[in-house]
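Here the protein sequences come in this chain order: D and C. Residue numbers for the first sequence, in the working numbering: 1 to 321. Residue numbers for the second sequence, in the working numbering: 1 to 206.
Hints listed in this document are in silico derivations from the structure and should not be mistaken for laboratory results. The reader is advised that the hints may include incorrect statements.
Selected chain D positions facing chain C (Cβ under 8 Å, derived; list incomplete) [to be verified]:
no., residue
1, C115
2, V138
3, T139
4, L146
5, L150
6, E224
7, C261
8, A283
9, A285
10, S310
Here the structure is a predicted model, which means the values were calculated and not measured. Glycine residues also receive a C-beta, built at the ideal position from the N, C-alpha and C atoms.
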Amino acid sequence: MTAAAQPRRSLVVLATLVLLALLAPDKALAQGVQYERPVEVAPQQETIGGGYVTPDVQKPRPREYWLEVLDVVLLAFAMGIAVWLVVSRRSRQWALGLTVACLAYFGFYREGCICPIGSIQNVALSLADPTYKIPIVVTAVFFMPLVVALFFGRAFCGGVCPLGAMQELVVLRPVQVPRKLDDALGLLKYVYLGLAILLAVQPAIARDFVICRFDPFVGFFRREGFAHMMFIGAGFLVLGTVVGRPYCRYLCPYGGLLSWCSRLAKRGVTISPAKELDCGLCANACPYGAIEKNRAVRKECLYCARCYASCPCETSPGAAV
Amino acid sequence: MSDGLTRRDALNRVARGTVLLGFGGTAAFLIEKADGQVVWQVDASRCVNSRLGEVGVPVCTLCTTECVVQQSAVRAVNNFRECGRCYICPAYYNIKSAVDEKGLPSEKLCPRDAIERQPIGMVDPGDPANNFYEYIIDDEKCDGCGICVKGCKEPLGLGSIILKVRHNLCVDCNHCAISLACPKEALVRQPVADALEPTLATHSTR
Chain D
1 MTAAAQPRRS LVVLATLVLL ALLAPDKALA QGVQYERPVE VAPQQETIGG
51 GYVTPDVQKP RPREYWLEVL DVVLLAFAMG IAVWLVVSRR SRQWALGLTV
101 ACLAYFGFYR EGCICPIGSI QNVALSLADP TYKIPIVVTA VFFMPLVVAL
151 FFGRAFCGGV CPLGAMQELV VLRPVQVPRK LDDALGLLKY VYLGLAILLA
201 VQPAIARDFV ICRFDPFVGF FRREGFAHMM FIGAGFLVLG TVVGRPYCRY
251 LCPYGGLLSW CSRLAKRGVT ISPAKELDCG LCANACPYGA IEKNRAVRKE
301 CLYCARCYAS CPCETSPGAA V
Chain C
1 MSDGLTRRDA LNRVARGTVL LGFGGTAAFL IEKADGQVVW QVDASRCVNS
51 RLGEVGVPVC TLCTTECVVQ QSAVRAVNNF RECGRCYICP AYYNIKSAVD
101 EKGLPSEKLC PRDAIERQPI GMVDPGDPAN NFYEYIIDDE KCDGCGICVK
151 GCKEPLGLGS IILKVRHNLC VDCNHCAISL ACPKEALVRQ PVADALEPTL
201 ATHSTR
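Use the sequences and the hints to build the structure in full.
Have a look at this one:
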């Protein structure tokens, strides 16, 4: 035996010891109960005896269907009221009241679900995938605000949408975003819309519903949520104090659809050429850059009625002749 | 001028009509496809924790981590009709833990201690191994991690515990966040009547 073989043998011994050490936990486990399933069939109450009665499995029922239909009815009703308050009554206070009421119901009570913004993805997927069905309620919630926008503009945004309402309430000192920057940023929402639809219609393994995942305010409605989304939501609210409704104007994909539809609107917030004073107070009052050359732009107007509240003709009728 | 305005109005009207028709058609297509009220539910035959034939994979806890509700709306449910009522329940006890002085495993399986155990029927206090036991999962404590579901699965148990969406907790998202994460597409929309019934997991090819 050579001297070189000695250390080799000790290496083998060492390796064996290490192996044994690695296997040791398994040995400890093997000392547990040697488990064998004692029964092949579930004993029923007759077998168990002693007056035992098998309890029912707890089955909490979902929300009643009529309540879901009520949501749809309330949505339609709220949009009707919004149109009436803003277009006919021209009342900023009442419009704000409706916004707060809808924030309370659709936002904090219904916790932000069901929402037309997220339903874009469901509708897109249901159109693309023959096996994917969506409830009738979702279809209704998706189309109703679009139909209203076709006739009266974005009444949903101003009157009903809880995400919009969150931002509506924090508008403190809005600055006018330069027109070109406003237009350029406004294109972002179409990019987001395209991206959301593209990701939603993917096969299940790659599918993602980004609008819901990156909803900045739903965490507030539910009083719980991922920390990073709460942070982004708070960021939007802080930004919203100086830039009016940043999410709605630059990111909301449903806002993009509504904006397209509202181009065709028959009626809406209007500054009538015959009665105006050319004072430009309304344009200054609009935090959303929706008054251009003293004319309301339907596709940008978010139905807040601030222009009417600022108008001397409206506030003191007869003063302007 | 007035002529131009009316032409514009007419064009607008035509465009609006076209868009409305488009909306109507799409909505009709979607409604035709839909079938009444549907809710999210876990398909036990797809869920990796409960379906048969899925061996050697770790417990999937995505239902706990992905749900938008803080303490997930998915909870484990024991279907009492199918429960073996074992003395040593593989979902209640960690059957790999060391045996204590009573001859029972020393550790429980549930990390939240949500399963309660009590003898039922004609109880023989002198011979605990000869009694039937009821295992009740505390709805308040359970967060749907699925560890007990896997514990109860064949061949160890009878597979009476499965994961279920609790509809009183589920906010019925447009698209369930768990379903997006679930590798087996086990979160499905079901008609209410089906979704409430406890089912037994089967083999699945998905």
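Do the hints match the structure? See the list:
With a least beta-carbon distance of about 7 Å to chain C, the hint placing C115(D) at the interface is held under the 8 Å criterion. Hint on V138(D) holds. Least Cβ distance to chain C is approximately 7 Å, under the 8 Å limit. Nearest Cβ of chain C to the Cβ of T139(D): about 5 Å, under the 8 Å cut. The hint holds. With its C-beta approaching chain C no nearer than about 6 Å, L146(D) sits inside the 8 Å limit, and its interface hint holds.
The criterion of a C-beta within 8 Å of any C-beta in chain C is met by L150(D), whose closest approach is roughly 5 Å, and the hint holds. Residue-level restraint check for E224(D) holds (minimum Cβ-Cβ distance to chain C is 5 Å; threshold 8 Å). The interface hint given for C261(D) is met, as the beta carbon of that residue sits about 7 Å from the closest beta carbon of chain C, less than 8 Å. Interface restraint check for A283(D): the shortest CB-CB distance to chain C comes to about 24 Å, outside 8 Å, so the restraint is violated.
At about 28 Å, the closest approach between the beta carbon of A285(D) and any beta carbon in chain C exceeds 8 Å, and the interface hint on this residue is violated. The interface hint given for S310(D) is broken, as the beta carbon of that residue sits about 28 Å from the closest beta carbon of chain C, more than 8 Å.
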